[in-house]
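Asks: From first to last, the protein sequence lines stand for chains A and B.
Residues in the first sequence are numbered from 1 upward in steps of one, following my numbering.
Residues in the second sequence are numbered from 96 upward in steps of one, following my numbering.
Please note: incorrect hints may appear among the correct ones.
Said to hold, decoys possible - In silico EDC-like cross-links for lysine to aspartate or glutamate, where the CA-CA straight-line distance does not exceed 20 Å: (1) B/266 / B/277; (2) B/323 / B/312; (3) B/393 / B/204; (4) A/68 / B/134; (5) B/116 / A/69; (6) B/416 / A/33; (7) B/357 / B/332; (8) B/173 / B/267; (9) A/68 / B/115; (10) A/4 / B/401.
Calculated from the structure, these hints are not laboratory results.
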Amino acid sequence: MTEKATPLWEVFIRPRNGLAHRHVGSLHAVDAEMALQNARDVYTRRGETFSIWVVPSAAIIASDPGEKDVMFEPTASKIYRHPTFYEVPEEVGHM
Amino acid sequence: MYAQALNAKDLTPVRAEDPEKLAAFQARIDAEEKIEPNDWMPEQYRRTLIRQISQHAHSEIIGMQPEGNWVTRAPTLKRKAQLLAKIQDEGGHGLYLYAAAETLGVSREELYGQLLSGKAKYSSIFNYPTLNYADMGAIGWLVDGAAIMNQIALCRCSYGPYARAMILICKEESFHQRQGYEIMVAMCRGSKEQRQMAQDALDRFWWPAMMMFGPHDSDSPHSELSMKWKIKRFSNDGLRQKFFDATVPQAQYLGLTIPDPKLKHNKKTGHWDHSEIDWDEFVRVINGDGPCNRQRMKHRRQVEAEGAWVREALHAHAAKKAARKAA
Chain A
1 MTEKATPLWE VFIRPRNGLA HRHVGSLHAV DAEMALQNAR DVYTRRGETF SIWVVPSAAI
61 IASDPGEKDV MFEPTASKIY RHPTFYEVPE EVGHM
Chain B
96 MYAQALNAKD LTPVRAEDPE KLAAFQARID AEEKIEPNDW MPEQYRRTLI RQISQHAHSE
156 IIGMQPEGNW VTRAPTLKRK AQLLAKIQDE GGHGLYLYAA AETLGVSREE LYGQLLSGKA
216 KYSSIFNYPT LNYADMGAIG WLVDGAAIMN QIALCRCSYG PYARAMILIC KEESFHQRQG
276 YEIMVAMCRG SKEQRQMAQD ALDRFWWPAM MMFGPHDSDS PHSELSMKWK IKRFSNDGLR
336 QKFFDATVPQ AQYLGLTIPD PKLKHNKKTG HWDHSEIDWD EFVRVINGDG PCNRQRMKHR
396 RQVEAEGAWV REALHAHAAK KAARKAA
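Same shape as in the complex, but just chain A:
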């Protein structure tokens, strides 16, 4: 096909329950307005949504999966960041 490629957008929706916007998928659109309309038609047909974000896929800066070890390794040894690291006497009960 010789047709011009239509830019790709990533779609994020915030559900009614007030949680943060969550990535739901992507779509093609020539501009932001069309991206929003298409996102509404494709990803929110069941009344589950409060708000939509669309972002040009090309604008997303992502960490390199090849470097994930270097990137995330420092947290592995810091088990004291988790609540279960700390002991609370049984008599005290739930904390």
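With chain A held as given, fit chain B onto it using these hints.
Replies: Below, chain B alone, put in the same frame as chain A:
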């Protein structure tokens, strides 16, 4: 299922992979890790997925046609709205799937071109005509039922974007089968003529629906690798048997006769035994000689050509707006 035609020979030579990378990849699969778009993957994993996901997407898009045939003639406004909602879902599901395929480095335009040129296949089921309104019931009940059984299994596919698309699709599609069965119930409780229409629809769609699961495992040369890489989790025959067992009692409840004289409950295995599928018919339909193959493709190409000016105008409008903003 929607990737029945994967059995067609892939003539591209298989590239030798780095054994170390391949082993690390297999270890990730075995550990149930999801493979994501930028991760290393064997070329054949990528190719199999592109073929499978795009065949699945094409099936959703072509699958809108047999149902579209009855939108204007649905018996009530309620039935019309339901049918429209279902067809809309299918368009959306096609989009989710194309998007998942695109993460593997192929453009939607390219995939679409493969469908229009006839190079890519879609599910054989959509090459059967919808002759009476009861077919809307039979399709929802049997075709969507078979599709859901397959798609639930695919929710655990090793490729992240495909698995996530499947989860979304399964969530939306659960109404499709119920919608179809409700039509069957209404018709079977109706007049004698309506019951005959329901029986006629079952007679025509029963075997084509069973063919949706693809050839026997023994005739499915790509299955083994797909299972090893967890693209596929269950065998064709296993899923088909599961579908038989679930569907026979539903037909009995409707008081309809399944068009298979050999259908019998096997007390020993607990499963339903059935006749052999007409595999000649299956091969014929997959390879382009079903009752509606030409019609489906002709329609798709016509719609694509007629919409070209809209896409062109959209690009022109976006360019004009961008230029105005820049000025």
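Asks: Of the hints given before, which are not true for this structure?
Replies: Result: no hint breaks.
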